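Enquirer: Chains as they are written, first to last, in the numbering used here: chain A, 13 to 192; chain B, 4 to 195.
What the hints contain is simulated information worked out from the structure, not anything from laboratory work. What you are looking at is a predicted structure, and each value in this text was computed from that prediction instead of being measured. Even for Gly, the Cβ is constructed at its ideal location relative to N, Cα and C. Be careful, since some hints might not be right.
[Said to hold, decoys possible] These stretches of chain B come out as covered by chain A in the derived footprint (C-beta under 8 Å, 3 or more residues):
1. 18-26
2. 31-40
3. 73-79
4. 181-192
[Unchecked claim] Computed footprint of chain A on chain B; a stretch qualifies when at least three of its residues, placed anywhere within it, have a C-beta under 8 Å from a C-beta of chain A:
5. 44-56
6. 59-66
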Amino acid sequence: MKEKLSAMMDGELSEHEQACVLAELSRDPELKKTWERFQIIRAALSKELDAVVSVDLGNRIAEGIRELPPFVSDRKFPRQWRPATRWVSTMALAASVAVVAITGVRWFSSNESQPAPEQIAVAPGQQPDFIRAGLTRWDTVKPEHAKLLNTYLIEHHEFTPTTSMSGVMSYGRFVGYDSP
Amino acid sequence: MGVRSEDQGLVGRVQRGEKAAFDLLVLKYQHKVGKLIGRYVFDRTEVEDITQEVFIKAYRALSGFRGDSAFYTWLYRIAVNTAKNYLEAQARRPPSTDLGVEGLETSDVADNLRDVATPERRMLANEIAATVNGTIQSLPVDLRIAVTLRDIDGLSYDEIAHVMECPIGTVRSRIFRAREAIERELKPLLER
Numbered sequence: 013m014k015e016k017l018s019a020m021m022d023g024e025l026s027e028h029e030q031a032c033v034l035a036e037l038s039r040d041p042e043l044k045k046t047w048e049r050f051q052i053i054r055a056a057l058s059k060e061l062d063a064v065v066s067v068d069l070g071n072r073i074a075e076g077i078r079e080l081p082p083f084v085s086d087r088k089f090p091r092q093w094r095p096a097t098r099w100v101s102t103m104a105l106a107a108s109v110a111v112v113a114i115t116g117v118r119w120f121s122s123n124e125s126q127p128a129p130e131q132i133a134v135a136p137g138q139q140p141d142f143i144r145a146g147l148t149r150w151d152t153v154k155p156e157h158a159k160l161l162n163t164y165l166i167e168h169h170e171f172t173p174t175t176s177m178s179g180v181m182s183y184g185r186f187v188g189y190d191s192p
Numbered sequence: 004m005g006v007r008s009e010d011q012g013l014v015g016r017v018q019r020g021e022k023a024a025f026d027l028l029v030l031k032y033q034h035k036v037g038k039l040i041g042r043y044v045f046d047r048t049e050v051e052d053i054t055q056e057v058f059i060k061a062y063r064a065l066s067g068f069r070g071d072s073a074f075y076t077w078l079y080r081i082a083v084n085t086a087k088n089y090l091e092a093q094a095r096r097p098p099s100t101d102l103g104v105e106g107l108e109t110s111d112v113a114d115n116l117r118d119v120a121t122p123e124r125r126m127l128a129n130e131i132a133a134t135v136n137g138t139i140q141s142l143p144v145d146l147r148i149a150v151t152l153r154d155i156d157g158l159s160y161d162e163i164a165h166v167m168e169c170p171i172g173t174v175r176s177r178i179f180r181a182r183e184a185i186e187r188e189l190k191p192l193l194e195r
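If we strip away everything but chain A, and leave its shape as in the complex, we get (with noise of 0.2 Å):
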């Protein structure tokens, strides 16, 4: 048994091996010392032996354990059902995404007609830096800023989309400088 063992601490033993080593820890308390006696002698060998808790501590913790009720698997469905139980959840969500997806571009489409603002926020009664960009020129109020602004859109212009779709923002940008 103790040769059954010492296969069981290598994952060497089968299913049904490894069942009656259990069966016969449980029976014979000097079996599970060996275990111990084994996990501390590999422990030993590969140096990681550095301080030994108190022998008594496996007990203890065996003792914490047993009072507690009976280990409760959590699957809620018994294994043959779970691959239904996944399409129906996968099924769920690729609707609830059709349905979001639908609905938006609906809503873009009959406020396509009205004209964008040119500007979606400034404070009141300050007047806005800049009023309009293109691809690679700005119109800004500020002329001094404006050298400054165009050099950045027309280097990242091959980053930028030249096309729209129906409901979908072609791109958005915020643009930052510190004034010298």
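We have chain A already, so just place chain B on it with the hints.
Expert: Positioned in the frame of chain A, the structure of chain B alone reads:
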């Protein structure tokens, strides 16, 4: 065979309701978890209390363990979180750096734990190491090679059989005989 598959059988059995299989995992990892907790808490009694808590938490949470990582990696996360929560509850600051499972083995952490261990425990660990190393040197060469290839190099029985050019059954027997011989020497030391 790696540690991952070594533990998989036992973990599966615990998940099917065999508490005895969990006892074996506790006996296997108690020293390693204790060593890890010792990084965070420097009082020996506290280390053991937290180690106990870690295993009880692990047992309770084991139904959710799906084997995506090795059992010890999963246990390691529980241990670190439990130690940190403990320190936070005590309004003590956890160490600023966390090490991975592998990093722990090669760090100076052991030095921290040596400070936690009583002189008796320290002496016991040294005596165990000396006994194991002394006994292994006195073993017949085939037994010595088999057990070191397994416990130090982590080779599977199949790989050891290939290296030693012998059947797997012989490997299993050699490893067992080596462990049995070392255990015989170790037993009086641990029962003192």
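Enquirer: Report holds or violated for chain A covering the region 44-56 of chain B, Cβ cut-off 8 Å, minimum 3 residues.
Expert: Held - the region 44-56 of chain B has 4 residues with a Cβ nearer than 8 Å to chain A, which meets the minimum of three.
Enquirer: Residue count check for the region 31-40 of chain B against chain A: does it reach three with CB-CB under 8 Å?
Expert: Holds, because 6 residues of the region 31-40 of chain B bring their Cβ atoms closer than 8 Å to Cβ atoms of chain A.
Enquirer: Using C-beta distances, would you say chain A covers the region 73-79 of chain B, given that this needs three or more residues below 8 Å?
Expert: violated (count 0)
Enquirer: Mind checking, does the region 181-192 of chain B have 3 or more residues with a CB under 8 Å from chain A?
Expert: Our answer is that it holds, as 6 residues pass the Cβ test (under 8 Å) against chain A, meeting three.
Enquirer: Can you confirm whether chain A covers the region 18-26 of chain B, using C-beta to C-beta distances below 8 Å and requiring at least three such residues?
Expert: Contact hint for the region 18-26 of chain B vs chain A: holds, 9 residues under 8 Å.
Enquirer: How does the region 59-66 of chain B fare against chain A when you require at least three residues with a CB closer than 8 Å, holds or violated?
Expert: holds (count 5)
Hint 3 from the earlier list is the only one contradicted by this structure; the remaining hints agree with it.
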